[in-house]
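Trainee: Please take these sequences and the hints and turn them into a complete structure.
The chain contents come next:
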Amino acid sequence: MSGYEPVIGLEIHVQLKTRTKMFCGCELSFGDPPNIHCCPVCLGLPGALPVVNARAVDFAVMIGLALGSDIAPRSIFHRKNYFYPDSPKAYQISQYDEPICRGGRLGDVRIHRVHLEEDAAKLIHVGESGRIHGSDRSVVDFNRCGTPLVEIVTEPDLRSPEQAHEWLTLLRVTLRQLGVSDVNMDEGSLRCDANVSIRPAGSTELGTKAELKNMNSFRFLERGIRAEIARQTALVQAGEAVVQETLHYDPVTDSLTSLRSKEEAHDYRYFPEPDLVPLLVTDEIRAAAQEAIPELPAARMERFERELGLASGMARDLAFRRELADYYERALAEAPAGTVTPVEVANWIPQLVERIGSGEDPSESRVSAGALSALAAMVSAKEVSRDAARDVLTTLVAEGGDPAAIVEREGLGAISADGGDGNGLVAIVDAAIASDPDAAAKVKEGNVKAIGPLVGYVMRETKGRADGGEVTRLIRERVGSG
Amino acid sequence: MSELIELTAAEAAAKVRAREIDAAELFEAYRARAAADELNAFTWVATEAPPADPESPLAGVPLAVKDLFCTEGVPSQAGSKILEGYRPPYTATVVANATRAGATLLAKTNQDEFAMGSSNENSAFGPVLNPWDRGRVPGGSSGGSAAAVAAGLTPWAFGTDTGGSIRQPAALCGIVGIKPTYGACSRWGMIAFASSLDQAGPFTRNVTDGALLLSHMVGHDPRDSTSVAMPEPISAPTAEDLKGIRLGVPEELLGGGDNGMGIEAGVRENFEATLKLAESLGATVDTCHLPHAPHALSAYYLIAPAEASANLARYDGVRYGLRVGGDTDLNTMYSRTRAEGFGPEVKRRIMLGTYALSSGYYDAYYGTALKVRTKISEDFRTVFGEFDFVVTPTSPWTAFELGAKTADPLAMYLNDFCTVPMSLAGIPGISIPSGLSDGLPVGFQLAGPAFSESRMIDAAYALEQAIGFDTSAARA
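Chains as they are written, first to last, in the working numbering: chain L, 1 to 482; chain Z, 1 to 476.
Quick caveat, the hints were computed from the structure, so don't treat them as lab data. Among the hints, erroneous ones may be present.
What the simulated footprint calls covered on chain L by chain Z, stretch by stretch (three residues with Cβ under 8 Å from a Cβ of chain Z suffice, anywhere in the stretch; the number is not a length) [unchecked claim]:
#, region
1, 53 to 64
2, 85 to 93
Listed next, with one range per pair, are the computed distances between beta-carbon atoms [to be verified]:
#, chain 1, residue 1, chain 2, residue 2, range
3, L, 287, Z, 339, 51 to 57 Å
4, Z, 339, L, 282, 47 to 53 Å
5, L, 39, Z, 100, 18 to 24 Å
6, Z, 55, L, 282, 43 to 49 Å
A virtual CB, placed ideally from N, CA and C, is assigned to each residue, including glycine.
Mentor: The structure is reproduced here in structure tokens:
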């Protein structure tokens with residue numbers, strides 16, 4: 001270990017899934033021909049004026065409530081002034097020192113603030129590489145310009161690139177389940193910059209931070225942060241100081257280039273937006289937003305662990321996908337009392353997901369939630385072996401129906417151990433032993449691996465209907481006594 | 001023809017409705033005069049009469065509109081080279097309101113560039129001449145609208161007032177100008193100078209026409225978040241006297257006995273005479289106090305340029321208007337476009353505004369100016385507890401000679417001394433011609449509480465009738 005600990009904060013921009021833009025009635029879009037969703041407002045034509053999108057405010061309040069933030073009853077918009085062709089008014093309408101939400105927490109990370117602002121237009125550099133350098137000219141597409149954005153800034157509570165990745169995933173599924181954004185990094189509806197510094201392990205002071213930009217996938221985010229921690233650590237170990245700067249991550253070379261240093265830091269000359277009146281979040285708006293919030297992933301995950309006894313990995317996987325969690329809870333509800341435990345039902349969800357496809361919604365498959373828990377109950381009662389039950393599930397996915405009926409129809413019922421009549425499991429085990437005396441002898445000597453061929457024989461003969469554990473037990477017993 | 005020109009707008013509308021005169025003929029009478037204009041009052045004149053509806057409230061009476069109002073398909077340049085030839089794809093709400101009520105668009109009028117000026121000498125399209133004396137300025141920034149109405153080239157016109165740009169040119173041209181309460185008229189489609197101060201308003205020959213036109217301009221517009229509905233409609237004035245009206249004369253604006261505040265002797269004399277006239281109509285006249293008014297000009301010349309520095313940043317050569325150096329790099333294109341497209345006063349104010357907002361200076365300048373503004377609003381609210389209206393000379397002096405004040409920007413800023421406090425407080429003000437001084441018109445200003453337009457117009461009307469100013473001299 002280097003003796004230094006990383007300190008990471010994230011700055012996330014989320015495009016809201018409203019129907020129209022933040023300050024005008026143009027429709028939101030992605031991938032349409034350029035400049036077909038524009039108007040005087042989002043083009044910054046002379047004489048145009050902004051009007052606040054009420055739905056965007058509702059969504060921002062929902063986000064604040066979901067993150068446990070304080071919702072400001074009164075907040076204002078500010079102009080953030082800078083010249084660039086993707087900014088048609090040469091200022092962005094944003095929020096500065098009176099944002100709509102302050103504070104909050106999600107998982108292990110405290111939220112510093114949440115505010116509303118508008119997105120810029122899209123600059124396209126016409127040339128071979130698509131980058132500014134070497135391009136003949138640049139053109140601007142204003143379809144995106146004015147899209148509502150919520151900016152979420154965390155406190156520097158993250159301590160590793162992996163943790164940042166995991167936390168951003170939690171934020172993403174939370175926002176997704178809130179229904180306020182598609183939060184898709186590929187489409188730009190989720191963007192994340194990182195502020196990274198290091199300090200001696202155990203110190204409470206903050207080191208000089210660098211701002212990392214252009215990490216447009218979860219993988220690049222993790223790699224970029226990791227590269228920066230390494231860079232700063234090497235600097236400090238060489239006795240040099242970290243300079244506050246903005247760095248641009250290049251995924252091709254997995255390296256960081258400086259964009260600007262502190263001396264050139266922009267003075268945005270913030271002042272209150274005179275074309276808008278203060279934003280009042282009334283009790284009605286707040287109550288409606290609260291009403292619209294479903295049980296969110298972090299809470300659901302915690303409930304699954306605490307009340308249902310699921311392991312944290314399983315709880316997380318279910319809670320992070322609402323369709324899975326909803327389906328799972330329906331399956332639990334439909335199981336007759338005492339027939340099956342929540343853990344047992346949960347264990348069948350990955351099996352189902354594997355068969356229907358990982359992006360699919362189980363409630364749209366042919367397997368009813370009740371069928372799944374009934375199948376789990378049959379396994380629990382040893383009415384069918386685990387292996388046979390997997391085949392039943394495959395059949396359920398293909399045809400639907402009732403698991404008990406399928407077991408009956410296919411003759412997949414578990415074979416009991418009763419001896420005597422030739423169909424019993426004991427008879428088959430004896431036949432297995434007789435067919436491979438060498439293996440039997442090794443098992444008697446205590447060679448655990450040698451039991452494999454014997455188990456295989458029995459499973460083939462029973463077409464998988466025998467319970468694997470039961471077979472193993474019987475083989476040992478019969479070998480021992482035989 | 002000349003009988004048509006001598007009709008007030010209200011009279012003309014009534015005659016069109018009564019089918020006594022023809023709207024197309026009326027339009028053509030004005031159009032011909034506008035096309036032959038020698039005052040440089042216009043940046044665009046219609047080439048033919050648009051269809052008119054004689055049944056409508058404004059019955060096809062032609063209207064001239066300041067260059068900075070967006071009029072779809074018609075050049076809207078805000079008096080600037082950076083927007084030369086720009087034709088917007090949409091029309092300003094107040095213009096649409098008036099045309100929906102039956103007004104017809106006659107012309108766009110010349111103005112100080114981006115409404116920055118008090119003499120119309122800052123226009124990229126040349127200065128406007130005062131019809132009372134062509135060697136003198138008409139005032140600004142709405143100099144073109146004021147000169148056109150005074151010279152009978154249009155029956156009435158729209159202007160905008162940010163620090164006095166309707167009231168002051170109205171005074172210098174001997175006509176009526178009204179700045180309504182901030183928010184009464186929508187700013188949608190008004191090329192912005194200072195967002196928290198800009199207001200559209202009418203220039204007319206008399207108060208009755210002013211009330212008529214204003215009533216068809218106001219109204220809440222969902223496209224302007226700062227617009228509000230008038231609590232009561234603007235009614236035609238009828239007052240015959242000023243009985244029970246308490247007029248307050250702010251000591252801080254008028255100074256002591258002598259000319260301490262720089263008000264011209266002839267203007268001061270006329271002002272005193274008008275006050276006596278008001279008393280004879282039954283008004284009481286007393287001194288009132290606006291303790292923070294002496295700081296109004298300083299606060300204004302920080303707030304307005306600050307907002308303007310942001311409002312004018314969009315003129316960058318990328319999407320519309322002038323572009324210079326499009327084949328160079330971005331910063332070169334930006335600097336050359338703006339260097340060539342903006343005039344010196346605009347550049348001066350952009351620099352001032354940028355400085356006032358910059359890091360380390362915000363609190364001392366812009367932040368403090370906002371606080372002073374609040375104080376000024378409070379001063380007016382206090383005064384209106386005891387007085388109905390505040391009265392002042394509209395302008396400290398009559399029309400000055402072209403070039404007389406262009407060497408010193410601060411001297412030019414002093415034109416707004418008596419009008420800026422009302423702009424900062426967002427309250428309405430009206431200027432009516434109250435006489436002549438050395439042959440040049442003098443204006444009298446009344447200002448009332450927010451949304452007091454009807455009462456203020458009524459009081460102005462009573463005074464106007466008693467003054468009996470003859471506006472026809474400038475129409476000859």
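Trainee: Does each hint hold? Answer for all of them.
Mentor: Evaluation of the provided hints:
| no. | hint | verdict |
| --- | --- | --- |
| 1 | 53 to 64 | violated (count 0) |
| 2 | 85 to 93 | holds (count 5) |
| 3 | 287/L / 339/Z: 51 to 57 Å | holds, 54 Å |
| 4 | 339/Z / 282/L: 47 to 53 Å | holds, 48 Å |
| 5 | 39/L / 100/Z: 18 to 24 Å | holds, 21 Å |
| 6 | 55/Z / 282/L: 43 to 49 Å | holds, 44 Å |
The structure does not agree with numbered hint 1 stated previously, though it agrees with all others.
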